[in-house]
Each structure stands twice: as C-alpha cells, then as structure tokens.
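Protein chains in written order, with the numbering used here: chain L, 71 to 464; chain D, 71 to 464.
Note that these hints are calculated values from the structure, not bench results. We put the CB at the ideal spot given by N, CA and C, even for glycine. Accuracy of the hints is not assured; some may be wrong.
Every beta carbon over 10 Å from chain D, so not counted as near; a handful from chain L, in silico [unchecked claim]:
1. ASP81
2. VAL82
3. ASP87
4. LEU125
5. TYR251
6. SER279
7. GLY289
8. ASP309
9. MET320
10. HIS410
11. GLU427
Listed below are the simulated EDC-like cross-link pairs for lysine to aspartate or glutamate, each with C-alpha atoms no more than 16 Å apart in a straight line [said to hold, decoys possible]:
12. D/LYS77 to L/ASP81
13. L/LYS77 to D/GLU426
14. D/LYS449 to D/ASP416
15. L/LYS464 to L/GLU392
16. L/LYS464 to L/ASP403
17. D/LYS437 to D/GLU448
2 protein chains.
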Amino acid sequence: MLDFTFKNTTDVRFGNDHIDAELHDVLSHYGQNVLLVYGGHSIKKSGLYERVLNLISDLNVTELAGIEPNPKIDSIRQGQKLAKDSQVDVILAVGGGSVIDAAKVIGSAAFYDGDPWELVVDSAKRYEIDQLPVVDILTLSATGSEMNFGAVISNPDIPLKKGTGGPNSPAVSFLDPTLTYTVPARQTAAGASDIFSHLCEQYFDNNASNDISRNMIEGLMRTVIYWAPIAVKEPENYDARANLMWVATMALNGIVGLGTINSWTVHPLEHELSAHYDITHGIGLAILTPRWMEFALNTNTKPLFARFARAVWDQYGYDDMELAENSIRRTHDWLKSLNHEMTLPDVGITDDSKFEEMAKAAVVDGKLSTDAYVPVTEKDAIRIYKDSMEEFNK
Amino acid sequence: MLDFTFKNTTDVRFGNDHIDAELHDVLSHYGQNVLLVYGGHSIKKSGLYERVLNLISDLNVTELAGIEPNPKIDSIRQGQKLAKDSQVDVILAVGGGSVIDAAKVIGSAAFYDGDPWELVVDSAKRYEIDQLPVVDILTLSATGSEMNFGAVISNPDIPLKKGTGGPNSPAVSFLDPTLTYTVPARQTAAGASDIFSHLCEQYFDNNASNDISRNMIEGLMRTVIYWAPIAVKEPENYDARANLMWVATMALNGIVGLGTINSWTVHPLEHELSAHYDITHGIGLAILTPRWMEFALNTNTKPLFARFARAVWDQYGYDDMELAENSIRRTHDWLKSLNHEMTLPDVGITDDSKFEEMAKAAVVDGKLSTDAYVPVTEKDAIRIYKDSMEEFNK
C-alpha cells in the first residue's frame, strides 16, 4: 500500500428529510448572497427549482442557468462575472455532476482576475487563491463530484475536456434519493456506467498490495451492478435510488483509491470522445470499457481479472484466463443491459477520421503510455476506438 | 437505507514518511503547549518516545504517562489538571485506542470545571463546551478511535465501562504501519478481533435495505480475515500491517454504518467483562462473538447469516441454515486461530457469580432487549456468558 494523506470535510445530508429543514440555515451561515447554478428545464419541471427558491426567498439569489452536460468554459466565465458583480458568499449548485463541477470552478474564478480557463489548465493556481463554498443538491447519481475535489470542464474551441482539482470539496451536499426519481432511464444508466467505470479505474491498478481497496471496490461494484438495473426499471424504488446515490459518492470521494497508484485509462480515452462529439460521458465509458478490458487482459493481468470474475461476477472455476474472459463478457452484457448504445456508431460517431488526433491527446493527457495499469500507446488507443465501432462479440 | 448525516474532518497521514517531516508543523499550528499522552513502556522500548520528543524539542511538552488499557477515569482527571495548569493548546496521543480515547475526553475536560466522569456519563455536556485538538500517532490497529468521535472510559469504583461521544474526531492522525511491527502477537490478535467485531456489529442490523453498507463491510471483513493471521505470524510484514491498520480505521470511522440502525450487542456484553475483570477488550469480544452468533441465528436471521457465509467465508450451497451454521463455525475457528484464549476460564473468569449483575447492566446500557438486531433479555445475556464458560463445539 502506498503512503497517502486523506482529508475530506464535506458535510453529507443523506435522505429526504434534510433539504426543507436545513437548506436555508446551511446557506445563510455563509452569507446572504447566493449564486444559484443549475442546468436546464428538469429542475423546473420537477418542481425542485420553485421549492428551493421558496426555501431561500429572504436571501439574495443570483441565477446562472444553462449549465450543460460536459460543462463549458463559457458557463464558468459567466459565473465568474456574476459571482463578482453580486459579491456572492456561497454557491448553491442544484443538479448533477456537471452543475457541481461548474460551481467548484466558478468558486475559484470568483477570486481570480484572469480567464478561468487558465485555472482549468493549471490547477496549481486554484490552490493559491480562495474558493467560494459550494453547497449542492444532487439530482443525478453518477460523478461523485458531491464529495470530491475534482471538476471536468470542456473548451469546445480547442477542443479539450480537462479534469482539474481544487482545494475544497463541497461544503455541504444534500443527497436526497427521491430527487432522482425523475431521472430518465437512459441518464440513470449512463450514471451507473460512470460509477462502474470510476470503480474499474481504481481497481485495475499496479499497486498489488492494496487488498483493502480492492475488497471495498468489489463491494461497491456489486452494489451498482445489482441496483442500477432496478433503478432503470423502477424509477421510484427508494432502495435502488438510495444505494445507487451513495455508491456514486463512495466510488469517488477518494477513499477507495487511497494507497493506490490511481492512474486512469478509460476516462482520458472517453474525454476525447466527449470533447469532439459531445456525447454523454457515461455512455462513452460504457462503450469503451469492455474494449479496454479486452486490450488490457494478458498473462500479467490475468490474476486480477480472475479475481474480478470471482468476487464481482460470481464466476467459479480454476482456469484464470477463462474466468478473466468471462468477467469481460459479463461486464459488457451488464452495461448493454443498461444502455441501448454500445458502439460508437450507435451514438453517431460513424467515421474514424479523428481517432489519430484523439488517441494522441488521450495518451498525453492521461500519461497512458507510461503510467497506465497496462500502458496504452497511440496505436493501442486507436485500436480501442476502432474496436468500439463494431459490436462486441467476445 | 435510513437518513443520515456524515462529516468527518480527520486529516489522515498514512505511511512511514509522514511523522518526521510533518509532526512538528502539525502540532505548532495549534500552539506551543503540548500535552503528550501515552501508556507504558512500549513506546520507550521501541524508541518512538525519544523520536517524538526530539521532533518537538522546541515546544513546551507536558507529559501524562500511564494510560492503561480500558483507560480509567483517574487518568482523565490527571489529564484535566495538567491541561489546565499548563494551558495546553493541543494533545498529542501516542499509543493505541485507549490512549486516543483518553486524549479525546481530556480534550473536553480541559474546558470543564466539574469532575470529568460527568462528561462520560452525559455526552451531551461535551457538545456544549470546547475541545482541545487531538493529534495522534497510532501504535495499534484495533479501535478506530483515530478517525471517530467515540471514547470508552472505565470507572472501577462503580464498576462501569462506558462509551461516550464528543464533538470532534482527531484533528490529525498519523498512521504508520511500521510502528505496529513491535506489537506482540497476542495484542495484534486482540486488535484484529476488535476490528472484526466492529464490522459484525454494523453488519448484523435490522435495516435490510442498506446493501451498500453490507457490501463494503464484507470487503473489510475479508481484509481482516486474510491479513490478521499474516500479521500475527510475520510481525514485520508491511502489507499485512498496512492493510490491518487501514481496515481498523475504515471499520469504525462511521462510514460503513451510515444509514443503518447501528445498535450494537456484543460490545455492551463485553464492556461488562472488562469493567468487572479488566480483561483485554478484543479477547473478550473474540470469546463472546461466536456464542452471540449461535444465540442470534434463527429463521428470521438465517438469510443474513447465509449471505455472510457466502460473501465472507466463501461457503457455497443451497441450504441457508447449513451455510449460516458454517459461518459461525468458521468465525469461531478464525478467532481461535488468532487467540489462544477462547473461553472465559481461559482469561481467569472461573465462576458465574457476577453474570446476573453484568447481564442486567449490559441490557440497560446497550438497550439490548429493545433495539438489538436480535433482542437480548437479561436471561439471554446470562446464557451467552454461561456458554462462554465452555469450549465452543458447534
């Protein structure tokens, strides 16, 4: 197990009894000027928007609507201006990971005089400046942004989708599973694929002695594998929504990756897809993951894939290679059972003209040729993208 | 899953590179006056005492030595006086859970004018007053005190061993697995039994829908089951000591019990043993656990014991009752493989004269007859104590 430090001060309020009783006090603790950040129509349609405004009607609320999936740097620029103009004390993010990610970077940009894209490109700058506290009301189980330090921002002009770290995780996160009842099946599935991918990225790691992390991750994988299909089929099943919401948070609040090398592969590959084609992140991950697993399985990695088969997919037997291959097939079939789209053409990517450029960028951004669990060269990355054009038939 | 709130701000520094580089700055951040709290000779023998003093030679260090296992209220009284007299800014606890527990309560007592036993009996009082920050250097993997809000203090005059909660978990915890290399086999084993019991207490819970907690706990159980025997046999095996240290923390930092009813049974029963006979807590738990499991297994609880058998003990089959019984036998045999003492007479408790009094106190203190996973009456508690007099032969 590698040395690590861990400190995460996010105050989690889980369940459906907290928002009405606590939101106002939580926000006014930081001040009277609130920047309300959210996405599109879904929170208006569900009634959450009105409910929140009623709860904080005596505070000064400035609104920034229109945060997109794969949140764009222009939204951050707008937020920066609003936060400064309105002397905002606290940001209230109502939405999924994109909205919370945007809120985090706006929180830093409020104390920065330059263009906020500079903060995304060079995270170190964010540690030198202050950050507005972020309070969030989560409406989608997926990214884990509600209890971590990360944010992913896209700049369509380059195009580049880039991860960035900051000094603070959200101050307070309201996790109410009932707020995800209205999430459509496709988004629920994409969120589940994202959660599963976060767990895979931390599980397939070259630090072999970190057994406790793997044991915890296996438990979290079993959780998402079991409950995601239920949540897709029964959107108002509280237990399914609750287990899915908390596993999303636990999958990426830092804990299960402690003491590992934690060098990710599939996310950098997917970020290129989202940057160039603006596809749904979780769907991109679902498409790439089984192809990456096929690429990564070899004599050295066979034992870990076999362990994955036994502990996560309930496969039994003595032939590790057979188990490993089974685990990949099971992974694919489970993802497919959630998402209808399981190839790149399914999401509208029908030609391979950008694969070389994407592969080059992914390898550089993810340090894939040197640091990955199984090193990925540009050629390997192109192969994974090309494999994703066809039906998976292993 | 039940509603919950969670916030834990402990700053964990895990590994063997942190203390020399960071201890001084961590302490002096809080001030110059340090109360150093520790146990007996072990940290002097290991050289840790001298190493620590050298690192903080420019700070004003007041010492409180002699914190016992099952820490006594008299130590807290001494600490209270020293903390006040020396205007202490921060407490440095060097030792295992007993030392950290004592430091936490001393941290509150420093701001209290009455007898600190009042703070133990009525935890609410501790939330009304301030608490000195506690920094700890952990030397035993067991209690989880290094990342939680609890403390257990004994008052031999009553006699009573009582758990108490406070407003703050340790500010900074240094977890260096190499510092546990010198822990004798028996203490390593007792610590492992304590960890395993913490996991059982949270696993066997009447909130049936909290699948994610159970999945995480199963992973943590597998970790302690695998690594504890290795640590006992190979005291300087870093991976064993590291996995054991982190599983101890994860077993009781609050996370895996979130959303559960979390009403414990074996600990209240054991606290009576330690209060009356001052036996090693972990050994008492190891003796009681299989007998409690035998008591708790019935038609209603059979499915959970069968799940425990499959997920933790790798038992296969279709007969849930057979699996459940196997899991109890496996639990006993694993505990026995760690500890030589597996009956009460083994630890010097040879007559049952106090069992009635102990049973009565345990049932009241643990609300066992109403809140436990399987309700325990006084009569049941006596039966569990009596069963613990004999060899376990199920």
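inquiry  = Check the structure against each numbered hint from earlier and tell me which ones fail, lowest number first.
reply    = 1, 2, 3, 6, 7, 8, 9, 13, 14
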